[in-house]
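J.: Spelled out, the chains give:
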Amino acid sequence: MAEVTLTIDGQTVTAPEGEKLLWAAEKAGIYIPHLCAHPDREPPFGGCRLCYVEVDGWSKPVTSCTEPVAEGMVVSTRSERVDRLVRSGFELLMSVHDLDCKVCPAKRDCGLRLVSRKTKVKLRSGTLPKLDRGLPIDESHPDIGMNPNRCILCGLCVWVCDEQVGAGVLSFAQRGLDTRLTTFDSEPLGAHDCPTDCMRCVDICPTGALYRKAPPTP
Amino acid sequence: MSDPVTQRYEALRAAADEACEPLIDPDAILVRVGTATCGRSAGALELETAFRESLDKHDIAGRVLQVGCMGHCYAEPMATLTSPGLPPTVYHHLNPFLAESLVKSHLRDTTPIYDFVLGGLEEHDLVPALDYLPRYGMEHRRLLARCGIVDPWSIQHAIAMGSYEGLARALCRPADDIVHEVERAGLRGMGGAGFPMWRKWAMARKFEAPRYLICNADEGDPGAFMDRTFIESDPHALIEGMIIAAYVIGADQGFIYVRAEYPLAVRVLENAIAQARELGLLGPNVMGSGRGFELEIMQGAGAFVCGESSALMASIEGHRGMPRVRPPRSAEVGLFGRPTVLNNVKTLSSLPYLLREGAEAFSAVGTERSKGTAVFALAGKTANAGLVEVPMGTTLRDLIFTIGGGIPNGKTFKAVQIGGPSGGCLPDDQLDVAIDFDALDEAGAMMGSGGMVLLDEDNCMVETARFFLEFTQRESCGKCTFCRIGTKHMLDLLTDIVEGRGTPEHLDKLVTLSEDVEAGSLCNLGKTAPNPVLTTLKYFRDEYEAHINESRCPSCECNELFAYYIVPEKCARACDACVGSCPVEAIFTNRKRLKVIDQDLCVKCNACLTACPPDYDAVVKISPLADLPPQEPRPDAGKGGE
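In order, the protein sequence lines correspond to chains A and B. Under our numbering, the residues of the first sequence are numbered 1 to 218, in order. Under our numbering, the residues of the second sequence are numbered 1 to 642, in order.
Incorrect hints may have been included.
Think about it this way: if two alpha-carbon atoms lie no more than 27 Å apart in a straight line, the pair counts; the simulated BS3-like pairs of lysine-lysine are [unchecked claim]:
no., chain 1, residue 1, chain 2, residue 2
1, B, Lys604, B, Lys621
2, A, Lys122, B, Lys509
3, B, Lys527, A, Lys60
4, B, Lys509, A, Lys120
5, A, Lys130, B, Lys509
6, A, Lys130, A, Lys120
7, B, Lys509, A, Lys60
8, A, Lys120, A, Lys60
9, B, Lys527, A, Lys130
10, A, Lys118, B, Lys509
11, A, Lys122, B, Lys527
12, B, Lys604, B, Lys592
13, A, Lys107, A, Lys120
No wet-lab data here; the hints were simulated from the structure.
With the sequences and hints as input, model every part of the structure.
T.: Written as structure tokens, this is what we have:
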């Protein structure tokens, strides 16, 4: 495949034609915050809205997970507008995310903590009130627990379960702020036949909304 | 003219003319009852039955026909009576009792009942023509021309009135030629954004077949009902337009995505499609052209976001209705991954006229960059709720005051909300804006799909913004952060303001969040969701400030900020009208036999204000609550009062 050359934050980067800016930057060691993107996820989901970048000559910031590289493109991952959108978007996400880090199994793998560390936006927002959703926690599955109050609806688990595993157990339901991760007809997760030892939804979840249940104490 | 298409069309036309002879004959007795949804909700079906029974009773050989809506929804139920000696006469505000009087007087005795005449369809000495109504001088009816006259259940009648002539002409020309014709006509998409139609076509034609055509009839804006009325009144204009568009882009499958909340429109369409298939206008060989086109109806399940094109396509594919990122545009990768052209009902229904009369006739009215006519659904505080069709370039003032008849009940105009939840509110000093895609955009509103909600002095603009935001927040698909969570925070801020908890910081936060949601959202539902807030902040900032700084709702609409009060000087001792009207027994009689409202019990239902006789006019609304005179104690049940 043909290669194109572009500049990201002053660094010359080559990337295969058609690759999205986000992955070209990541391979070059340049960090762009993102939560819902995955290199194999096609078409890109574009839901978290954190991966905004500026492209020279373009009127508005664009999401780098959706924008393919182009020859001679000049990209900057930071600008006043980008920083504002990232800060605002992350604060919005955190305003619906239960910050129970002490008991959360995501621990060091938490995607939210990574974004916070890299972008210097605090986990606990000072400007927006916390919107409590109080959704029930589902621990009916033998191995997997699901706490929708930690979920930021990146949809990675839905994608991996449906398109990679082919099980189609997980899905979105409802609208507006009530949108949540659920199973078909909101049955308990345990009522569905997951492939044995799959756990791919747990592995891909960036927040600890889907987690490995602690082994039962003997 | 010997090619198979023309021959086929002429045969269809001749057969239709013959079949519709009794409908066209000026000496036949014919009653057309407007039975679109607007008519039915006003009692048109009962009216239709009454007409049938009266004709039988008086032994008059006449036909009763169900037709659609002429746009005068405020005047329903309506009927058009045709009989010898009188011009076809439109009657308004009818009821089953009047039906019998009309049969006797108008149909039998050739004497119109003038009290209920709206106008005649033709010039005549005895009945003033509809054209003399002031609004008809400003309107330019193209899409509406046959609505309420043609029988929506009969393809024969539609053909006899000119349907499918445009298609016959189109099929005799190369597709490229039609793209150029539409380009010259300057037809722009009427679903909201005003994207030039020919460009969409040209884009889709560049990509390989199979291609799809979709009609977006998922009309979900509060206060909009144009698409419903068109489909219920003249479905063949849409079907013909779709066949033309399919021919141009080379699509052999089309979909009409219509809301399930429009059951009548769905039935009319199903019938019309079946009839068109029977006559060979749909199917493997459209009008003998050798090209095939199939049309299918998809019913939406009630999600507003499915009016967004990529969410609509996801919904047809059987997925959750969530928009996807663009590019690629749907003209390249659309339904089932194929090139797809999606247009609104009105845009597609414009094609038959355009092809029949030509680009010059089409663009003879309009402004430099917006050609043709615009259709609006007037709703809210307007005297003439219904549909209007005006040339582009007409001012909002003419539309609202001359055609719409102004604001009823002697109230003052405050704002017009154009374009639904994505649009904006324009105040009085913006009413000289011409109706035109670009001019409306500049003013902060948008053409949108054509919903126009009028607001008067009793409407609070902060509450209006809150209402629309509540709608978009509830209807957000939940995919992207800004729309799902940002609009919720905005809604909470607005709720604080209308409930009297607002602070100046609320406004700053609201503006910041509005800008972020606008810039950050994925699809146009989110990008435009802040528009009602931003335009009301721009034009009615004083109302926001009154709520925040003075705890006052200038329109006395926000329940927490105003109270009902009975002015003692105006209250009549002998009258008990308000007491009886109050559903929660909040009104009591004091020792002076005057009525007093117990504010702790009042639920602000407005019943007392309506009940108080106009002679006294003693019930008033007071805002802020601080201005309310001290509450008089309720006498103990045993001692005084009753």
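J.: May I ask which of the numbered hints given earlier this structure violates, with the numbers listed in increasing order?
T.: Hint check: nothing fails, all pass.
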